[in-house]
Amino acid sequence: MHVIETQNLYKEYTQKFSKQKVNALNDFTFNVEQGEIFGLLGPNGAGKTTLIKILLAITFPTNGSAKLFGTDVKNHKAKTKVGYLPENHKFPSYLTGEQVLSYYGQLSGMRAGSEMNKRIDEMLGMMNLTQWRKTKIKKYSKGMMQKLGLAQSMLSDPDLIFLDEPTDGVDPIGRKEIRDILAQIKSRGKTIFLNSHLLSEVEMICDRVAILNKGDLIKEGNVEDLTKAENIFAVHTVETLTMEIKQKVLAIDGNAGIGEKEINTEAGIDKLNGIIDTLRSGGVKIQSVNQKTNTLEELFINVIKKDNTN
Amino acid sequence: MLTIIQNTFREALAKKIFIGYYIFYAIVILIMIFLVNMDSVEGVMSLADSKMLVHQVETGFLTISWNLIIFFSLISTASFIPSMLEKGTIDLLISKPISRPMILISKYLGAVLFVFISMVFLLGSIWLILSLKSGFWDPTFLLSILWLTLAFAVMYSIVVIIGLTTQSTVVAILVNFFLIFVLCPVLSVREAVVFSLVTNETVRFVFDFLYYLLPKPGEFRDVTTSLITGDTINMWKSSSNAETGLFTVSWLSPISSVLFLLVTMAYSIYFFSKKDY
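Chains as they are written, first to last, in my numbering: chain A, 16 to 325; chain B, 7 to 283.
Derived from the structure by calculation, the hints contain no laboratory data.
Even glycine gets a Cβ: it sits at the ideal position worked out from N, Cα and C.
A couple of the hints might just be wrong.
[Claimed, not checked] Below, computed lysine-lysine pairings styled on DSS-like, alpha-carbon distance capped at 30 Å:
(1) 93(B) <-> 153(A)
(2) 105(A) <-> 281(B)
(3) 21(B) <-> 89(A)
(4) 31(A) <-> 22(B)
(5) 280(B) <-> 36(A)
(6) 153(A) <-> 191(A)
(7) 22(B) <-> 153(A)
(8) 105(A) <-> 93(B)
(9) 151(A) <-> 93(B)
(10) 191(A) <-> 93(B)
(11) 307(A) <-> 286(A)
(12) 92(A) <-> 93(B)
(13) 21(B) <-> 229(A)
(14) 22(B) <-> 92(A)
(15) 229(A) <-> 22(B)
(16) 280(B) <-> 89(A)
(17) 21(B) <-> 157(A)
(18) 22(B) <-> 149(A)
(19) 157(A) <-> 57(B)
(20) 280(B) <-> 82(A)
(21) 151(A) <-> 22(B)
(22) 153(A) <-> 57(B)
(23) 31(A) <-> 21(B)
(24) 151(A) <-> 21(B)
(25) 153(A) <-> 243(A)
[As the list claims (entries may be wrong)] Which stretches of chain A does chain B cover? Using the computed rule of at least three CB atoms under 8 Å from a CB of chain B, they are:
(26) 68 to 75
(27) 217 to 231
Model the full assembly from the supplied sequences, consistent with the hints where possible.
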């Protein structure tokens with residue numbers, strides 16, 4: 016059983032004044048498995064938040080179906096084992112940090128009592144908010160609110176957590192803390208569905224990502240596989256390359272990038288081996304041969320540009 | 007459900023308007039304590055006199071304050087629905103394993119229960135003061151707590167539906183002001199006043215139609231005062247005696263108002279259940 020399962024999700028909005036139809040999601044089918052940290056990427060208006068809202072039945076799809084733990088999301092019981100941190104969440108400002116957790120904990124099905132209080136203590140401790148527990152949240156900073164939101168999403172120990180921009184407004188140290196907490200949750204077999212603009216962060220945390228553009232799923236896969244740049248290799252040498260060697264290399268791959276002690280080629284494995292043979296026969300010692308990787312940011316920009324051109 | 011009701015109470019208590027609301031009630035209670043005199047010149051009144059005087063004070067108080075109490079209560083609770091629908095709040099609420107109808111009903115009941123408790127405080131205190139001062143203990147006045155709460159519940163269903171569709175507290179308050187202080191009183195006297203001026207059948211039909219369709223908060227008061235004084239209440243139609251000038255209310259007003267409440271809330275629940283947030 017998949018933790019998240021969608022079948023041909025389609026969502027169309029009608030704009031308020033122009034009455035124009037906008038496709039927020041087109042025929043979107045994907046699954047998320049237990050224990051994964053799944054990242055959802057896409058430019059503004061790509062349909063990321065719409066997807067999360069459909070999965071939580073905050074918004075209804077025009078067509079298609081979505082299930083959480085095998086239960087249709089239209090059934091509110093599908094959300095029993097789910098935690099959610101919305102983007103720009105708004106807690107009742109008249110509550111203290113402790114009361115916020117107690118309120119949302121009870122809404123998640125927890126019973127008020129020592130068990131829940133123990134869990135609240137644990138969460139506040141984990142987020143370094145213990146000393147602020149009795150303070151009204153209107154006095155909290157943005158970062159503290161974000162941490163409280165994260166604590167709220169994890170309070171009932173859900174098996175699946177949706178996080179929409181969890182590190183928004185959090186300082187670098189706080190971000191690192193949140194990343195560590197997410198890794199800790201993952202090690203306990205929980206599933207995390209992450210929506211973030213910070214691609215470097217997604218790259219560090221996520222096992223698998225999906226890239227959305229204009230409502231279409233344009234790329235999906237493991238982070239490691241997606242960021243591997245096929246057929247791009249860098250050869251580093253110990254000695255400085257002579258003009259003769261450089262010309263021989265260019266004869267093999269006319270597009271090779273040649274530096275003083277470095278050759279970059281995108282011509283494939285065969286030509287890479289030809290270049291290595293040339294270096295070896297010319298008495299050049301090779302220090303390293305590396306397959307180049309793209310950052311997730313590079314991949315994201317390339318994929319979106321390509322999709323927009325098409 | 008209890009969690010949302012409890013939080014609605016917290017929300018109410020956090021609003022400064024409620025402090026003003028309770029100060030006002032406290033002043034009314036103090037006036038009752040210090041200014042209402044139940045002693046006769048000779049000393050002690052007969053039981054019948056006491057009963058009449060107490061009833062006069064009770065019904066007089068209700069006549070003056072009924073619509074004002076309902077309107078103040080609506081002002082103080084009108085923001086509950088729009089604030090619940092704010093982005094970032096509603097998403098989180100719906101993401102919890104609670105059905106949408108349950109969320110809305112809990113919020114509605116929270117507001118109604120809060121007003122009920124406020125009425126127990128205000129009207130209960132007044133009853134206690136009058137009873138202690140007069141020595142006449144008649145619990146029928148306490149029925150006004152239930153009737154006022156019911157009248158509020160009917161009018162609050164309008165706040166709910168306007169809140170859901172417009173997300174505006176101001177619009178909800180304005181519509182209620184218009185209904186409580188303008189339209190409903192005019193419709194109540196349509197036969198005695200309006201129809202004596204208007205002869206057009208279509209206009210008369212429209213007035214009748216609106217009268218039977220819309221809630222009648224003022225007529226809840228008439229039913230309550232009739233219950234206190236022990237006056238007759240007709241089943242379906244109010245009547246007035248030309249000779250004595252006595253007006254007899256009917257049960258039709260509360261019945262049609264409660265039907266209005268049920269239909270309005272049913273539509274609100276349907277609307278809330280289908281809406282994208």
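>> Next pair to validate is residue 31(A) with residue 22(B); report whether the Cα-Cα distance is within 30 Å.
In response: Violated: residue 31(A) and residue 22(B) sit about 35 Å apart, past 30 Å.
> Is the hinted pair residue 229(A) and residue 22(B) satisfied, with a Cα-Cα distance of at most 30 Å?
Replying inline: 46 Å, violated
> Hey, residue 151(A) versus residue 21(B), does the alpha-carbon distance stay inside 30 Å?
Replying inline: The hint holds at about 14 Å.
>> Please verify whether residue 31(A) and residue 21(B) have alpha carbons no more than 30 Å apart.
In response: Roughly 33 Å between the alpha carbons, so the hint for residue 31(A) and residue 21(B) is violated.
>> Just to be careful, I want the Cα atoms of residue 22(B) and residue 153(A) compared with a cutoff of 30 Å; is the pair within it?
In response: 16 Å, holds
> Holds or violated: are the alpha carbons of residue 21(B) and residue 229(A) at most 30 Å from each other?
Replying inline: 43 Å, violated
>> Need the status of pair residue 280(B), residue 36(A): alpha-carbon distance at most 30 Å?
In response: Holds: residue 280(B) and residue 36(A) sit about 19 Å apart, inside 30 Å.
> Okay, the region 68 to 75 of chain A and chain B, do three or more residues pass the C-beta test at under 8 Å?
Replying inline: This one holds; 6 residues, not fewer than the three required, reach chain B with a Cβ under 8 Å.
> Has the given pair, residue 151(A) with residue 22(B), been kept, meaning a C-alpha gap of at most 30 Å?
Replying inline: It holds: about 16 Å lies between the C-alpha atoms, which stays within 30 Å.
> Does the alpha-carbon distance linking residue 21(B) and residue 89(A) stay inside the 30 Å limit?
Replying inline: 35 Å, violated
>> Hinted pair, alpha-carbon criterion (30 Å max): residue 153(A), residue 243(A). Please report holds or violated.
In response: With Cα atoms ~46 Å apart, residue 153(A) and residue 243(A) exceed 30 Å; violated.
> Given the hinted pair residue 105(A) and residue 93(B), is their alpha-carbon gap at most 30 Å?
Replying inline: It holds: about 7 Å lies between the C-alpha atoms, which stays within 30 Å.
Checked against the numbered hints given earlier, the structure breaks hints 3, 4, 13, 14, 15, 19, 22, 23, 25, 27 and satisfies all the rest.
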